[in-house]
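Numbering (this note's numbering), first residue to last: 3 to 323.
Errors might be hidden in some of the hints.
Quick list of simulated restraints, FRET-style, between CB atoms [to be verified]: (1) Y69 / E4: 20 to 28 angstroms; (2) D238 / K300: 34 to 42 angstroms; (3) D136 / E241: 40 to 48 angstroms; (4) P129 / P80: 26 to 34 angstroms; (5) E251 / P66: 12 to 20 angstroms; (6) G249 / R305: 33 to 41 angstroms.
By construction, these hints were calculated from the structure, which means they are not laboratory data.
Virtual Cβ for every residue (Gly too), placed ideally from N, Cα, C.
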Amino acid sequence: MERSLSMELVRITEAAAIASSKWMGRGLKNEADDAATEAMRTVFDTIPMRGTVVIGEGEMDEAPMLYIGEQLGSGDGPEVDVAVDPVEGTNIVAAGGWNAIAVLAIADRGNLLNAPDMYMDKIAVGPEAVGKIDINAPVIDNLRAVAKAKNKDIEDVVATIIDRPRHAQIIKEIRDAGARIKLITDGDIAGAINTAFDQTGVDILFGIGGAPEGVISAVGLKCLGGEFQGKLVPQDEEERQRCLDMGLEVDKVLMMDDLVKGDDAIFAATGITDGELLRGVQLKGSFAESHTLVMRAKSGTVRFVEGRHSLKKKPDLVMKD
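Using the sequences provided together with the hints, build the complete structure.
Put into structure tokens, the structure is as follows:
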């Protein structure tokens with residue numbers, strides 16, 4: 003892939019984040035998502051690539067744009083797989099909460115897993131604990147492994163997990179082990195990426211979330227030298243059969259190279275609302291300020307990009323009531 007694509011992707015997530023941020027706290031999650039999706043799709047048309055959506059807003063009959071199989075880009079440049087989540091955390095934006103992001107990932111054609119839209123059990127860590135975790139191991143064993151890898155007492159380890167009834171047992175086991183917990187309402191892509199940055203205070207992610215988000219998380223952690231493991235969790239026989247039809251083994255542990263093959267992938271995320279790692283969009287009358295993380299696996303480059311955007315010169319980003 004062209005190195006310059008990294009900064010082109012920043013333009014896409016910036017546009018989506020700014021468009022969505024105008025709906026923050028208004029209690030209208032669908033409007034926030036629609037605004038981000040439309041802005042993201044518009045900018046995609048200007049990017050020099052031949053992209054195919056492998057993870058998007060749904061099947062063609064479910065989504066008007068950024069649907070699975072849709073062709074993106076100007077038609078020139080490299081052939082790539084595209085995984086998008088215009089708003090990771092629509093409920094967060096609607097409530098004005100923490101850690102909503104606009105995020106996307108790309109890799110060479112055929113290198114991203116076309117994950118079915120179902121649940122995935124996940125575990126994620128940053129670079130220090132690579133090779134030390136096992137999704138099939140007891141929670142306490144993984145906590146001990148991370149503590150040892152990071153030269154911490156287990157009482158100092160912080161696990162993050164989505165606050166859902168399905169995680170009650172894992173939460174109990176973490177607390178019984180003496181570790182600490184940072185519960186998140188939504189958005190486990192941000193939770194997974196946070197494990198690779200000391201300033202977030204997060205050491206490990208546990209729990210069940212969306213499988214498509216798992217692939218995007220894996221791209222981000224591949225860029226950061228971290229580790230992600232996942233297992234598909236079909237909820238019924240129909241979902242189990244869908245996995246089989248797609249050639250996916252339901253009980254297989256999906257490692258990094260199963261989720262994102264090769265050594266070249268790019269990840270970009272722009273904060274919509276404030277979070278541990280990224281600041282949210284700040285709207286200041288005629289302009290907006292954004293904060294973006296962009297990374298490339300091949301080079302290991304990690305950039306934080308601060309943007310200032312004239313809303314007068316970008317009328318497409320102004321909210322349409």
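Tested hints:
| no. | hint | result |
| --- | --- | --- |
| 1 | Y69 / E4: 20 to 28 angstroms | holds (25 angstroms) |
| 2 | D238 / K300: 34 to 42 angstroms | holds (40 angstroms) |
| 3 | D136 / E241: 40 to 48 angstroms | violated (25 angstroms) |
| 4 | P129 / P80: 26 to 34 angstroms | holds (27 angstroms) |
| 5 | E251 / P66: 12 to 20 angstroms | violated (33 angstroms) |
| 6 | G249 / R305: 33 to 41 angstroms | holds (36 angstroms) |
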